[in-house]
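Engineer: Those letters in the sequence shown? Residues -14 to 108, per this note's numbering, in order.
The hints are simulated quantities; they were obtained by calculation from the structure and are not laboratory data.
Note that the Cβ used here is the ideal one computed from N, Cα and C, for glycine as well.
Among these hints, one or two may not hold up.
To be verified - The calculated label-pair distances, taken between Cβ atoms and stated as ranges, are:
no.	residue 1	residue 2	range
1	Ser9	Asp42	26 to 34 Å
2	Leu38	Thr2	37 to 45 Å
3	Leu18	Ala83	14 to 22 Å
4	Thr28	Thr55	20 to 28 Å
5	Glu(-1)	Ser90	31 to 39 Å
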Amino acid sequence: MQRLAVRPRFAAPERVTGGADLLSAHESIDTVLLRLRGEPPQTAVFADWSARLPETDTPLISVHHPHGQTAKIARGRVIHYWNCADVVYCGANAETDAIHYFGVSYEEGLTSGGSSGAGGFSG
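Please build the complete structure, drawing on both the sequences and the hints.
Structural biologist: As structure tokens, then:
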């Protein structure tokens, strides 16, 4: 028996106006924080987040746009953690002993320059 692939249905994109306000931008750590000036459309989906570190071996998916290119997807698992002593720079006010980064072993795709702000989605 042959099975057909089923693709999820998404609502047609809805164009909104009003823009956003720049709250913070740091080129050295590739970070921007914006606040929308209006409500997002009803069809927008909220990508929840957690400040808790994922456990090792947790599967992750990352959707990213390296240097503004077309979206890329990477899939892998958390393999280890780093604190500020393990990396070049964490920011001026970072706690040096706190864990700020986790390493991922990729099973499909990878992240590249310009993708460092991409989220890691689990579950």
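Engineer: Each of the hints needs a verdict: does it hold here or not?
Structural biologist: Status of the hints after comparison with the structure:
| no. | hint | in the structure |
| --- | --- | --- |
| 1 | Ser9 / Asp42: 26 to 34 Å | holds, 33 Å |
| 2 | Leu38 / Thr2: 37 to 45 Å | holds, 38 Å |
| 3 | Leu18 / Ala83: 14 to 22 Å | holds, 20 Å |
| 4 | Thr28 / Thr55: 20 to 28 Å | holds, 21 Å |
| 5 | Glu(-1) / Ser90: 31 to 39 Å | holds, 38 Å |
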